[in-house]
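J.: From first to last, the protein sequence lines stand for chains A and R.
Under the working numbering, read the first sequence as residues 1 to 304, first letter to last.
Under the working numbering, read the second sequence as residues 1 to 304, first letter to last.
Keep in mind that the hints were calculated from the coordinates and are not lab data.
As the structure is a prediction and not an experimental result, all values here were calculated from the model.
Treat the hints with care, since some could be wrong.
[As the list claims (entries may be wrong)] For each label pair, taking beta carbons as the anchor points, the in silico distance ranges come out as: (1) 179/A with 248/R: 49 to 59 Å; (2) 107/R with 176/A: 44 to 54 Å; (3) 176/R with 280/A: 51 to 61 Å; (4) 70/R with 288/A: 46 to 56 Å; (5) 141/R with 218/A: 29 to 39 Å; (6) 262/R with 38/A: 49 to 59 Å; (7) 116/R with 254/A: 42 to 52 Å; (8) 53/R with 7/A: 53 to 63 Å; (9) 250/A with 38/R: 20 to 30 Å; (10) 55/R with 283/A: 23 to 33 Å; (11) 253/A with 10/R: 29 to 39 Å; (12) 103/R with 250/A: 28 to 38 Å; (13) 179/A with 17/R: 19 to 29 Å; (14) 21/R with 13/A: 50 to 60 Å.
All C-beta atoms in this analysis are idealised placements derived from N, C-alpha and C, irrespective of residue type, glycine included.
If you want the building blocks of each chain, they are given just below.
Protein chains: 2
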Amino acid sequence: MTKSADAFEKSLNTHATLVEARLDILLDATPRPAEVVRPRRLIEAMHYGALNGGKRLRPYLVMQAARLFGGSEEAALQVGCALECLHSYSLVHDDLPAMDDDDLRRGKPTVHKQYDEATAILAGDGLLTYAFDIIASPDTPLPDAAKVALVLELSRAAGIGGMAGGQMLDLVAETDQPDEAGIVMLQAMKTGALLRFACEAGAIIAGRATEDRDRLRRFGEIIGRAFQLADDLLDITSDAATLGKATGKDAAKGKATLVGLKGTDWARAELDRLVAEANALLEPYGEQAEPLKEAAHFIAYRKK
Amino acid sequence: MTKSADAFEKSLNTHATLVEARLDILLDATPRPAEVVRPRRLIEAMHYGALNGGKRLRPYLVMQAARLFGGSEEAALQVGCALECLHSYSLVHDDLPAMDDDDLRRGKPTVHKQYDEATAILAGDGLLTYAFDIIASPDTPLPDAAKVALVLELSRAAGIGGMAGGQMLDLVAETDQPDEAGIVMLQAMKTGALLRFACEAGAIIAGRATEDRDRLRRFGEIIGRAFQLADDLLDITSDAATLGKATGKDAAKGKATLVGLKGTDWARAELDRLVAEANALLEPYGEQAEPLKEAAHFIAYRKK
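Input sequences plus hints: build the corresponding full structure.
T.: Written as structure tokens, this is what we have:
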């Protein structure tokens, strides 16, 4: 497994390099049309917020899911970048003083610390908006039907019924503790929705019919649950040096997690169960699905 | 002219009622799918931010421009609501303490005053995201090609090269005074881009070819300039009771405006010139274009 895990991380890094190179171009290419004044500070802050390291796991999933069905590599890279802009916006806004009030992200000042709050709010707004620009762009080689499906699924994954709604429930949860089902739903919305979108997007890019789309969507849902469970487990069992961020944050905030409710042994067994369920969904695709299975494994058992 | 102006305001109000009834349904319909928990506080705050009065000028322009070319009334209403969600998001975020720090909007507490800052940030994010959901929705009866064009134009009008970029330039302008050309560009981005989109959207909804789209786009650009000029003029010449908001704000902030630079006489003459230019663009459409011409007149000569 170690050899395969090493190979997976190499592949993840290779894709991350591709994604970052493209993001760099995309974020520098704006604004169009040419005659518009370049609001330099905003473009810099968007760059800073989007190009700050990170595993680029969501674009990786888009690209591997598209590849599974022979979808356009170029389109998958573009859609992966759109998704990463959207993910980056959520981090920039979540870090704001009125939200999680974080000064550091991956060891560097957060956008509102590096620039200022107004710029960070606008940079988040700009990244969110730009995600849809990239999908609809003539530079993204997809039929209109696929673009409309991607815009619809992404806006729903990011909106009230997805990430933004989950973030609201999370803010309310600090005073109004949810039960187990409430936590599962909150996490599925806040974290799961974008990971689910990443996997389903691959099938949409490749023009697959409902059955494959549903299968990838369910796979994405399950690895989304594994992602959050692994995160909560690391918050308890890891240390700040390994993780590159403070640990024990959930307990300190009094935030209810499944690991807190049901213990670390349960969480480890549940991760095994989720990985098996995710793998089973990909069985029909045989060996072609190996990269996605490795991604599920990585998500569940990562050390940081 | 008075009789016609009265009739125009009645028509504007009738359309506003339609738009608000639809917005009420659209914002209550979220989230989908049904099994998702409803983050009630977020939905309420989005409602509060979007349904707070207002002339609904942008949806009116979308609907009248679509009607000019015989476009779908239903699609125009949906796209008008999407645009109004996007416009509302910009107001919610602009009012935040880190931005313009306004406690009141149209005489009522701003969203962050009524709820809190975190909720206001999320409500703005939610409204921005939902705009794209509405356009891509199966409930919006348009061909995919039109939806993709609308997503692309709206994201560009709202993004770095449009509204968000203009807001950034405006924030920087408080310390770094732009010249006349700089002010024109800033205002075209910050205020003009969405009005331009509103008019062009009508042509897209009706499936018109490049020439009509360009003509409506230019019409929208010109009424966008008139809108901002009228706004700056009212800020100097009106009083708070008539306007329903504080006046003299630009001067108090040391914000450079064209009226401040070139005087009220110049501004009034420029408004006449812009209205004539806007009307001339619509000449090929004859009497059918009367509602849009009346809108241009209203925008330039409104008293509040």
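J.: A separate judgement is required for each hint: does it hold in the structure or not?
T.: A quick look at each hint next to the structure:
Distance hint check for residue 179/A and residue 248/R: the Cβ-Cβ separation is about 54 Å, which falls inside the suggested range of 49 to 59 Å. Restraint check, residue 107/R to residue 176/A: a C-beta distance of roughly 32 Å breaks the suggested window 44 to 54 Å. Judged by the Cβ atoms, the range 51 to 61 Å given for residue 176/R and residue 280/A holds: they are separated by roughly 59 Å. Between residue 70/R and residue 288/A, the C-beta spacing of about 49 Å keeps the proposed range 46 to 56 Å intact.
In this structure, residue 141/R and residue 218/A meet the distance hint of 29 to 39 Å, their C-beta atoms being roughly 30 Å apart. Under the hint 49 to 59 Å, the C-beta atoms of residue 262/R and residue 38/A, about 26 Å apart, miss the expected range. At roughly 19 Å, the beta-carbon separation of residue 116/R and residue 254/A lies outside the given 42 to 52 Å, and the hint is violated. Taking the beta carbon of each, residue 53/R and residue 7/A are about 60 Å apart, inside 53 to 63 Å as hinted.
Checked against the given bound of 20 to 30 Å, the beta carbons of residue 250/A and residue 38/R, roughly 24 Å apart, stay inside it. Distance hint for residue 55/R and residue 283/A: a CB-CB separation of about 58 Å, inconsistent with the stated range 23 to 33 Å. Checked against the hint of 29 to 39 Å, the pair residue 253/A and residue 10/R fails, with Cβ atoms roughly 54 Å apart. A hinted range of 28 to 38 Å for the beta carbons of residue 103/R and residue 250/A is consistent with their spacing of about 35 Å.
Between residue 179/A and residue 17/R, the C-beta spacing of about 42 Å breaks the proposed range 19 to 29 Å. Take residue 21/R and residue 13/A: their Cβ atoms lie about 52 Å apart, and the range 50 to 60 Å holds.
Against the hints set out earlier in the document, violations occur for numbers 2, 6, 7, 10, 11, 13.
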